[in-house]
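Participant: Please model the complete structure; the sequences and the hints are all you need to start from.
2 protein chains.
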Amino acid sequence: MTSEAPQPLVVFTPSGKRGRVAPGTSVLAAARQLGVDLDSVCGGRGICSKCQVTPSYGEFSKHGITVREDALSGWNSVEQRYDDKRGLKEGRRLGCQACIQGDIVLDVPPESQVHKQVIRKSADSRPMVMDPATRLYFVEVAEPDMHEPSGDFERLAQALKDQWQVEGVVADLSLLTKLQSVLRRGEWQVTVAVYADHTGAAPRVLEIWPGLHEAGLFGLAIDLGSTTIAAHLTDLETGEVRAASGLMNPQIRFGEDLMSRVSYVMMNPGGEKELTAAVRKALAQLSDALATEAGIDPSLIVEAAVVCNPVMHHLLLGIDPTELGQAPFALAVSEALSFPASTLDLNGINPRAQVYMLPCIAGHVGADAAAVSLAVAPEQSEELMLVIDVGTNAEILLGDRTRVLACSSPTGPAFEGAQISSGQRAAPGAIERVEIDPVTKEPRFRVIGVDLWSDDPGFAAASAATGVTGICGSGIIEAVAEMRMAGLLDATGLIGSAEQTGSPRCEAQGRTHAYLLHDGTEAGGARVSVTQGDIRAIQLAKSALYAGARLLMDERGADRVDRVVLAGAFGAHISAKHAMVLGMIPDAPLEKVTSAGNAAGTGARMALCSVDARRQVEREVGRISKIETAIAPRFQEHFVAANAIPHATDHFPELSAVVDLPDVRFHSGGAESGGRRRRRKG
Amino acid sequence: MTSEAPQPLVVFTPSGKRGRVAPGTSVLAAARQLGVDLDSVCGGRGICSKCQVTPSYGEFSKHGITVREDALSGWNSVEQRYDDKRGLKEGRRLGCQACIQGDIVLDVPPESQVHKQVIRKSADSRPMVMDPATRLYFVEVAEPDMHEPSGDFERLAQALKDQWQVEGVVADLSLLTKLQSVLRRGEWQVTVAVYADHTGAAPRVLEIWPGLHEAGLFGLAIDLGSTTIAAHLTDLETGEVRAASGLMNPQIRFGEDLMSRVSYVMMNPGGEKELTAAVRKALAQLSDALATEAGIDPSLIVEAAVVCNPVMHHLLLGIDPTELGQAPFALAVSEALSFPASTLDLNGINPRAQVYMLPCIAGHVGADAAAVSLAVAPEQSEELMLVIDVGTNAEILLGDRTRVLACSSPTGPAFEGAQISSGQRAAPGAIERVEIDPVTKEPRFRVIGVDLWSDDPGFAAASAATGVTGICGSGIIEAVAEMRMAGLLDATGLIGSAEQTGSPRCEAQGRTHAYLLHDGTEAGGARVSVTQGDIRAIQLAKSALYAGARLLMDERGADRVDRVVLAGAFGAHISAKHAMVLGMIPDAPLEKVTSAGNAAGTGARMALCSVDARRQVEREVGRISKIETAIAPRFQEHFVAANAIPHATDHFPELSAVVDLPDVRFHSGGAESGGRRRRRKG
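Each protein sequence line maps, in turn, to chains D and W. Per numbering that gives the first Met the number 0, residue 0 is the first one in the first sequence, and the count goes up by one each step. Per numbering that gives the first Met the number 0, residue 0 is the first one in the second sequence, and the count goes up by one each step.
Calculated from the structure, these hints are not laboratory results. All residues carry an ideal CB built from backbone N, CA and C; glycine is no exception. A few of these clues could be false.
Okay, derived cross-link-like pairs now, PhoX-like style, lysine-lysine, Cα gap no bigger than 20 Å in a straight line [said to hold, decoys possible]:
#: 1; chain 1: W; residue 1: Lys-177; chain 2: D; residue 2: Lys-272
#: 2; chain 1: D; residue 1: Lys-591; chain 2: D; residue 2: Lys-576
#: 3; chain 1: W; residue 1: Lys-61; chain 2: W; residue 2: Lys-16
#: 4; chain 1: D; residue 1: Lys-16; chain 2: D; residue 2: Lys-61
#: 5; chain 1: D; residue 1: Lys-177; chain 2: W; residue 2: Lys-272
#: 6; chain 1: D; residue 1: Lys-115; chain 2: D; residue 2: Lys-16
Some, not all, of what chain W presents toward chain D, calculated at C-beta under 10 Å [said to hold, decoys possible]:
#: 7; residue: Glu-142
#: 8; residue: Pro-143
#: 9; residue: Pro-148
#: 10; residue: Arg-183
#: 11; residue: Ala-200
#: 12; residue: Leu-316
#: 13; residue: Ile-318
#: 14; residue: Ser-333
#: 15; residue: Ile-360
#: 16; residue: Gly-362
#: 17; residue: Val-364
What follows is a list of derived Cβ distance ranges for each label pair [stated by the list, open to error]:
#: 18; chain 1: W; residue 1: Arg-183; chain 2: D; residue 2: Ser-624; range: 23 to 31 Å
#: 19; chain 1: W; residue 1: Pro-661; chain 2: D; residue 2: Gln-157; range: 56 to 64 Å
#: 20; chain 1: W; residue 1: Pro-632; chain 2: D; residue 2: Asp-161; range: 27 to 35 Å
#: 21; chain 1: W; residue 1: Arg-67; chain 2: D; residue 2: Gly-621; range: 49 to 57 Å
Facilitator: This is the structure in structure tokens:
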């Protein structure tokens, strides 16, 4: 070919990147020249097969080229050997072997991309793109030379620089102790896992294997809640979740809720050490269980990302949380942290594994809220979005492209089924859905673990295993809202008597009434009622939640929101209509109230799989305006005003369009003592 | 003062830096503006007293100014309080309190300089300038604010940035766990120790104290030898050695010399763990002992610098040294290393203390040789300098401004008194100096621990405590050289018989002879002779040493050197003349053969006290040309040729000018069996 002949034109899809390359250039080299995201671990040696592409032949008027049959060099022996051994998909070529001889269109399939996008279920959130801190590199290391003495590690570092442009790597002593034997076993060909994050710290060699390492790399996305600890074992190359598991937080024995744990430490100076040891042990158990479930060598787990609330954050790190229990709620450290997993006694995994802890937003708004922000991305929303993550505290974000605000509201544990007379955690046997017929005032319900409604034929048989054991958070919300819609409850939250409501299920209890949802005592089961005390507990919780949201709206100068996103396991289970009837969340079109699922867990997984996600969450947490409910006078005002159910129907025009709330008003005061007996007759 | 009036002129001595500052500027601020090295820990709050200066008044024609009495603001209450409490030297002012009102000359005394030069005994070596990685900073930290929530650590980091321009600090979790209580105890005024080295790693907060910390900071300079471990507890502010101590290397029980320890590991796979544990335990003991001796809190020890040979380097780090025992002598890692002291189980000192290990030059030329290079600075020499550090291996450097070469030569342990019939380590009772009368052939000697010569009156009484127990390395060298000069030994190294030499001390031993230095058996002591076997051992050792030096000279194209520097404890004790008579070192003018003392230890102390020294040694080690004796054919040639004592007198013209070597030649072969008995009569 003379120098005048035009160089071949290469078009890569789906990126659309195109350019001319010298004839004979390999597809992999062409991709690098043109900035196309084409993976390779072995660096073009034809052994890792990560660089597969699919060439297309024929006329491409869109690209203005015609691809001839000989546009790529012929199928070669390396490709044949790989195909024989592992099988290459029809039409695929190895990018490091196929050389460009003429104009060509090449498709890079998702599995050949480093920065592949991971498909997520929830549409209205940030896409998850793989950009892991830890990557594999296959290198050929120069053998030692007495004439040019240098350490094996220095020659490994040089190889990473020359072959991968990874400069200035460092390593722990524990890696150096195994380096020489691995290099020699691999006959100077090794694969290294290098951790390079966004902090500017030197890239760190976490692991080394002789030859090509093909067993992958994994990470743990950990959502460390006050009550439960959930973790996802995630493939750091594909983003795929390979195993998921959860455990109760063993700190519960020191206190059900966070404040009792803080109190425990206040009363027992140094007691944080016990709490820290307990939660670290649980994390170690969880990681063992996940590796076993996925059938992987635990030493392949090289990273973990952790999200949690501020108290759990401190207790996991071994920091006394006392300051978080009193104004001004000062965190010891709020920024994101990266450190060796061994610091957390997470010793079952790779000894050099790295942990990333997401930043805390404020003393009451933790890394879990930061993770929700990362997953839901309110700062990218055109609409004014309210994001609520309900737990013992509710974390609330309000914002759009222009500004995002955050606060935490002390809802207490009522939404988790605690402080409710028949309350329980969301577990098999718990009532999770409730409907009350507005005419007959009779309820029907569903329990967790059973697919039938309680009035469906066969429910008794189907629920025999679980029983009906109590009512969980989403159940109590639906029950209260349904009672209000059925006229059993007035706007002030008072349960009517049997006489007032016409329902014998409204039983007298001292001076108040309770609505009987289920009487399983005859079958040896539970009696599940909604008492006046339960209503009051829910009113307090929902007022706190609403007041928090309202405070942010005031701060923003907004009197309505365009969209409500409910995050968390709880958020995934509650019904928008019932939450709004309760006045738990501000009014919004029902179809604009959606669930983001376990957004905190998703945020943890994003941070685990992407350095860019870490950058994003750190940047965004720095930008979020933090509002402290404890010192905002308007919070108290909103809290008091939000007591009614919902607190004022003229604040809920969207709801009024779909729900007709009875205009009942019960008098308070003692019910007749015979009320209960009378109802039993019915 | 109008704007036209010239600003006061300030002249700082001894730096000579000068410039004009706005009237009312404090001396400390003026020093900072003019780039004058004036210390301050409290940042100008009048509490640390580090910024003391001595103003001079009167006419200074040299500087072209007249200093009036009111050139500085008056003595103020802060200075008075400090003077009352601690006492301020006559004529001194606090630089943060005294403000400049007119032209002034200010002297900065050495103790007020950060980069103070530490006086060293040896003149011909690099000056030692304080530039420690860890420094103290007193800061006032903003209190937490619920309206602007941020972690206590982030506010500490902000204070360091605002008040000290120390940006982007990080900290270990163990620091974060104590941060909140210290900040509150100090009422938001704390002193932090920040470690910032030359690696580009983020500055690290190592320790925090409430209020102003005045108990100082310390470091350990550790010279980890095969036989002994020496450490100097050094003040990181002044460079002063506060305590020095040494221990036998407990690895001796695995093998006297390095190769036997390497063999131990080869024969006992995993055995390096025992050796590593042994040496780490010794280091921990040593640091405890030093802190006790100096009477300091061991947690004030925040750094350590370590020098050692490559095998000790690997064994300390926990790396299997097998590769160092066989060609190509590959180090696992050769570059300088910085890591937490806890990695070395050095747990008695500050838990966040940092270790710096100097780089190795090659598989046989370790961090100890690098430290010698740092202390002696051959690369700055105008003359061609030969630097020899004698141990079990001799490390040899040859060079000047243009180029420095290095090699290691396998001298074996003879120079340390091992493999010598009456040999012993340099300890009380060991003969260290020898003279033999060329006429009478009678010896006299000195032993370590006794100030008298053996023929001085009172020697018997003076040496009663130590006895005469054997002969150490410097003693055997002098003995052999003196024997050669006295005609008891011929140039081939053969000891003459009593008949040949005329000395009854030349006793027959089988087919060879031995020279009796001391017979203390009647007093229950030792019989110390120099045997033919001892002569052969010394010949092998000196030939190796000479051959190594000669190899470097060949490489450099030099047939003579301008200067010989003997490093190490051994180098400090041997006499230049005797070494040259032996042919241990190349010929040089006797006055150009000097000792650099314990240069490796000095290098360790320099690296401990100065980040710039670390930069220098790393740069220089990268530049040094490494010569591997094991693969240099000329090394063998030189080794064989250097067997004679000295190997050829025409190679030693400088020596010939001062020493007259008898031209004797003894025949080898059996001595009469009666030789010994006959001599006993005399």
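Participant: Each of the hints needs a verdict: does it hold here or not?
Facilitator: Okay, the hints, checked on the actual structure:
{"no.": "1", "hint": "W:Lys-177 to D:Lys-272", "result": "holds (13 Å)"}
{"no.": "2", "hint": "D:Lys-591 to D:Lys-576", "result": "holds (11 Å)"}
{"no.": "3", "hint": "W:Lys-61 to W:Lys-16", "result": "holds (13 Å)"}
{"no.": "4", "hint": "D:Lys-16 to D:Lys-61", "result": "holds (13 Å)"}
{"no.": "5", "hint": "D:Lys-177 to W:Lys-272", "result": "holds (13 Å)"}
{"no.": "6", "hint": "D:Lys-115 to D:Lys-16", "result": "holds (16 Å)"}
{"no.": "7", "hint": "Glu-142", "result": "holds (8 Å)"}
{"no.": "8", "hint": "Pro-143", "result": "holds (4 Å)"}
{"no.": "9", "hint": "Pro-148", "result": "holds (4 Å)"}
{"no.": "10", "hint": "Arg-183", "result": "holds (8 Å)"}
{"no.": "11", "hint": "Ala-200", "result": "holds (7 Å)"}
{"no.": "12", "hint": "Leu-316", "result": "holds (5 Å)"}
{"no.": "13", "hint": "Ile-318", "result": "holds (5 Å)"}
{"no.": "14", "hint": "Ser-333", "result": "holds (3 Å)"}
{"no.": "15", "hint": "Ile-360", "result": "holds (8 Å)"}
{"no.": "16", "hint": "Gly-362", "result": "holds (6 Å)"}
{"no.": "17", "hint": "Val-364", "result": "holds (8 Å)"}
{"no.": "18", "hint": "W:Arg-183 to D:Ser-624: 23 to 31 Å", "result": "holds (27 Å)"}
{"no.": "19", "hint": "W:Pro-661 to D:Gln-157: 56 to 64 Å", "result": "holds (57 Å)"}
{"no.": "20", "hint": "W:Pro-632 to D:Asp-161: 27 to 35 Å", "result": "holds (32 Å)"}
{"no.": "21", "hint": "W:Arg-67 to D:Gly-621: 49 to 57 Å", "result": "holds (53 Å)"}
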